[in-house]
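Trainee: Using the sequences provided together with the hints, build the complete structure.
For reference, the chains in residue letters:
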Amino acid sequence: MSKPGVTPERLAYLDLLREIEDFFFNEADLLDERDYDRWLELLAEDIVYWMPMRKNVSYANRHDDVTAENDIAWFHDDKDTLRKRVKQIQTGIHWADEPISRVSHLITNVRLREPRPSLAEGDQATTKCRFIVYRNRLEDETDLLVGRREDTLVRTGGQLKIARRKIILDQSVLLAKNLTMFF
Amino acid sequence: MAMNGRWGYRSGMVDLRRGEISREIFVNEDIYAEEQERIFARAWLHVGHESQIPKPGDYFVSSMGEESVILCRDRTGRIHVFLNSCRHRGMKVCRYDEGSAAVFTCPYHGWSFGTDGRLVGVPYYREAYHSRLDKEKWGLIEVAQLANYKGSIWATWDPAAPSFTEYLGGFTRYLDLQLDGWDGREGQAEVLCGVQKWMVPCNWKFPAENFSGDTYHNISHRSVDLAGIGPSGRSRRDLGERDVSRKLHVCIPDRGHQTILYVLPADKVPPPAYMNAPIVAEYFRHCEQERRRLRGQEARLVGAPGEIFPNTALLSRQPRTMAGWHPRGPHRTECWRWYFVDRDAPTEVKQFLRDYYIRYSGPAGMTEQDDMENWNYAHVASGGTVARRRPYHYKAGLGAGGRHAVIPGVVTEQPITSEQNPRFFYKRWAEYLDMGSWDELLDAQRAAV
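Top to bottom, those sequences are chains A and B.
The numbering used here puts the first residue of the first sequence at 1, with every later residue one more than the last.
The numbering used here puts the first residue of the second sequence at 1001, with every later residue one more than the last.
FYI, nobody ran anything at the bench for these hints, they're computed from the structure.
Heads up, some of the hints might be wrong.
As the list claims (entries may be wrong) - Within a straight-line C-alpha distance of at most 25 angstroms, the following computed DMTMM-like cross-link-like pairs (lysine to aspartate or glutamate) qualify:
#	chain 1	residue 1	chain 2	residue 2
1	A	84	B	1225
2	B	1150	B	1097
3	B	1197	A	141
4	A	79	A	121
5	B	1350	A	65
6	A	55	B	1097
7	B	1092	B	1142
8	A	84	A	98
9	B	1197	A	69
10	A	55	B	1067
11	A	55	A	69
12	A	79	B	1225
13	B	1092	A	65
14	B	1055	A	69
15	A	55	B	1190
16	B	1055	B	1142
17	A	84	A	45
18	B	1092	A	64
19	B	1150	A	71
20	A	166	B	1348
21	A	87	B	1225
22	B	1197	A	150
23	A	55	A	143
24	B	1092	A	170
25	B	1197	A	98
26	A	84	B	1348
Stated by the list, open to error - Which residues of chain A face chain B? A partial, calculated answer using Cβ under 8 angstroms:
#	residue
27	56
28	72
29	73
30	76
31	85
32	96
33	178
34	179
Stated by the list, open to error - If you want the ones that stay clear, here's a sample from chain A, every Cβ over 12 angstroms from chain B, calculated:
#	residue
35	12
36	112
37	126
Ideal placement from N, C-alpha and C gives every residue a C-beta, glycine not left out.
Mentor: Written out as structure tokens, the structure reads:
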């Protein structure tokens, strides 16, 4: 296989990929710095935020290892619900996350599902990435939540927004007692 | 630890006269081991719902106490519950959460079992066993008794246990509130696909007593009430119905089951609910009318949190869900949540409810999250040598319970709170540990508290 030349089209693709990575890294910072109001601004008004549950399945059924979209999930939120989750934390009496936890989001393996040179106004692109969400709480409580994410991004008013997020956590029985954090 | 002669409860750890319960029962390893023998190997336990295994060969791997069990439907359609452990060397014979199977084959040495539990395949049967292994005797270990109550499946390992109906005693009608249709028809419930399972670092009795009817802890849910996730956009649920109702703390003392119960006024239509979704609101308005028509006065009873002894929680309205608190050692509980809708409900209603349910309950549920924090750290803070010397305080409403003309059991009408229900939960808990026989357990007509 020959090395792809650095064509203008490839440069444009790399530029878009970098913009998307930067978008996700900025999002991670906003979450970990608990700047939730600015985080909410990254979400499209009609966002679907979905974390299905994982199932123990056979190799033959490996493509059916998450609960379906109409089934019970860990999260199935719209923007209004996400705003309420933020509001709950901001009350300062959401005891499951008060005192506040220490959380770090590591986002990696960012790819465009279908490589493209640009994302014009109104266009959508689907990305895949891995996350590590580390939470340390109070004295010795630690959770390490790892998995994949599929995000659909849309460009509106020049800015990227998250139109859809599917979070695939690599746990079947959830080993964390709760999910107060965002993914 | 001296025996409390007056009450006879184990080592005086459950003192109902004073309303004090030792912290030891939550953290002590020996007591935990005894609970497995005396409670979980004897009591009727909730296993699942028939809607999870609609067709012959379908199975769902569930849990009874600490142990993995297989709920399945055999080729003839009969429902069974088996210990998920090979008779040969103990390996789990089913390691998928759910599905459909003709046989369960052990990965270790290859013994296979039919969906009726019979041992049907033994590798090298002739060469290794000279065809003398009696397969009839080495099928999967099946529960001693199984009951299908309006679609919900219950089982016990104890052949001497009373029938499930007798085990429920006067509590039947409260389980009905969970399983009957919103419109009053019998047994309309179906489980929404996907059972939530998650681990909480606390003793299993923390969630159990909470659901028995701890209405005192509302204050810990202030943050979700402020966020306003209820289906009409306020609070965490529609409160109109509760606001116009009488609130009863109900328990069946000789069975150990408890519930909170609301009684709607006879002459008033309950205030509207589900105002955020007109179609859902209209559906429930219709159901409520139907329920009144079909059930008459009985339709005035509205369920709220409840607990079927030992480890099954009920919640029949908002959100409609059942939970199992599976012990995983004294310091850990695996929580399971099943969510219910009426099977005939329109898809839009089911979808709306699904989203609301998981916004409320489970590990991402904005209400239950705060519960779990409390159970977690109450447990942790109870383990110390000094902490263990001081009992917990269960005195709210002590001595207030009485009999009711219509509602069976011991009933406290108390608009704010009473700790009657947790007290009776532990009364029954102590009886299970104290009493060796079902004759004693079923005749446990001890003084009311």
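Trainee: It remains to establish, for every hint, whether it holds in the given structure.
Mentor: Right, here's what the structure says about each hint:
1. Of the supplied pair hints, the one linking residue 84/A and residue 1225/B holds, its CA atoms being roughly 10 angstroms apart against a limit of 25 angstroms.
2. Between the alpha carbons of residue 1150/B and residue 1097/B the distance comes to roughly 23 angstroms, so the proposed pair stays at or under 25 angstroms and holds.
3. A hinted pair counts as satisfied when its Cα atoms are at most 25 angstroms apart, and residue 1197/B with residue 141/A qualifies at roughly 19 angstroms.
4. At most 25 angstroms may separate the alpha-carbon atoms for a hinted pair to count; residue 79/A and residue 121/A meet this at roughly 21 angstroms.
5. At most 25 angstroms may separate the alpha-carbon atoms for a hinted pair to count; residue 1350/B and residue 65/A meet this at roughly 22 angstroms.
6. This hinted pair checks out: residue 55/A and residue 1097/B have alpha carbons roughly 6 angstroms apart, not beyond 25 angstroms.
7. Restraint check for residue 1092/B and residue 1142/B: the C-alpha separation of about 14 angstroms stays at or below 25 angstroms, so the hint holds.
8. Of the supplied pair hints, the one linking residue 84/A and residue 98/A holds, its CA atoms being roughly 16 angstroms apart against a limit of 25 angstroms.
9. As the CA atoms of residue 1197/B and residue 69/A are separated by approximately 18 angstroms, the hinted pair is consistent with the 25 angstroms bound.
10. The hinted pair formed by residue 55/A and residue 1067/B meets the criterion: a straight-line CA distance of about 19 angstroms does not exceed 25 angstroms.
11. Restraint check for residue 55/A and residue 69/A: satisfied, since their Cα atoms lie roughly 14 angstroms apart, inside the 25 angstroms limit.
12. Proximity of residue 79/A to residue 1225/B is assessed by CA-CA distance (about 18 angstroms); at most 25 angstroms being required, the pair is judged to hold.
13. A hinted pair counts as satisfied when its Cα atoms are at most 25 angstroms apart, and residue 1092/B with residue 65/A qualifies at roughly 20 angstroms.
14. A threshold of 25 angstroms between alpha carbons decides the hint, and for residue 1055/B with residue 69/A the separation of about 22 angstroms falls inside it, so the pair holds.
15. Simply put, residue 55/A and residue 1190/B have alpha-carbon atoms about 20 angstroms apart, close enough for the 25 angstroms limit, and the pair holds.
16. Between residue 1055/B and residue 1142/B, the direct Cα distance comes to roughly 20 angstroms. Compliance with the 25 angstroms bound is thereby established for this hinted pair.
17. A hinted pair counts as satisfied when its Cα atoms are at most 25 angstroms apart, and residue 84/A with residue 45/A qualifies at roughly 14 angstroms.
18. At most 25 angstroms may separate the alpha-carbon atoms for a hinted pair to count; residue 1092/B and residue 64/A meet this at roughly 22 angstroms.
19. Restraint check for residue 1150/B and residue 71/A: the C-alpha separation of about 22 angstroms stays at or below 25 angstroms, so the hint holds.
20. Restraint check for residue 166/A and residue 1348/B: the C-alpha separation of about 22 angstroms stays at or below 25 angstroms, so the hint holds.
21. Distance restraint check for residue 87/A and residue 1225/B: the Cα-Cα separation of roughly 11 angstroms lies within the 25 angstroms cut-off, and the hinted pair is therefore satisfied.
22. Using a Cα cut-off of 25 angstroms, the hinted pair residue 1197/B and residue 150/A holds, with the two alpha carbons roughly 23 angstroms apart.
23. Between residue 55/A and residue 143/A the alpha-carbon distance is near 20 angstroms, which keeps this suggested pair within the 25 angstroms criterion.
24. Taken as a hint, the residue 1092/B and residue 170/A pair is honoured in the structure, with Cα atoms around 22 angstroms apart against an allowance of 25 angstroms.
25. Of the supplied pair hints, the one linking residue 1197/B and residue 98/A holds, its CA atoms being roughly 24 angstroms apart against a limit of 25 angstroms.
26. The straight-line distance between the Cα atoms of residue 84/A and residue 1348/B is roughly 22 angstroms, inside the 25 angstroms bound, and the hint therefore holds.
27. For the restraint placing residue 56/A at the interface with chain B, the shortest Cβ-Cβ distance is roughly 5 angstroms, inside the 8 angstroms limit, so the hint holds.
28. A distance limit of 8 angstroms between C-beta atoms decides the matter here; for residue 72/A the minimum to chain B is near 3 angstroms, and the interface restraint holds.
29. With its C-beta approaching chain B no nearer than about 6 angstroms, residue 73/A sits inside the 8 angstroms limit, and its interface hint holds.
30. Interface restraint check for residue 76/A: the shortest CB-CB distance to chain B comes to about 5 angstroms, inside 8 angstroms, so the restraint holds.
31. Satisfaction of the interface hint for residue 85/A is found here, the shortest Cβ-Cβ separation to chain B being roughly 7 angstroms, below the 8 angstroms cut-off.
32. The interface hint given for residue 96/A holds, since its Cβ lies 4 angstroms from the closest Cβ of chain B, which is under the 8 angstroms cut-off.
33. This hint holds: residue 178/A has a C-beta 4 angstroms from the nearest C-beta of chain B, less than the 8 angstroms allowed.
34. The interface hint given for residue 179/A is met, as the beta carbon of that residue sits about 4 angstroms from the closest beta carbon of chain B, less than 8 angstroms.
35. Residue 12/A, annotated as away from the interface, keeps every beta carbon of chain B farther than 12 angstroms; the closest lies near 39 angstroms.
36. For residue 112/A, the requirement that its beta carbon stay farther than 12 angstroms from each beta carbon of chain B is met, with the minimum near 29 angstroms.
37. Against the 12 angstroms criterion, residue 126/A stays outside the reach of chain B, whose nearest CB is about 23 angstroms from its own CB.
Checked against the numbered hints given earlier, the structure satisfies every one of them.
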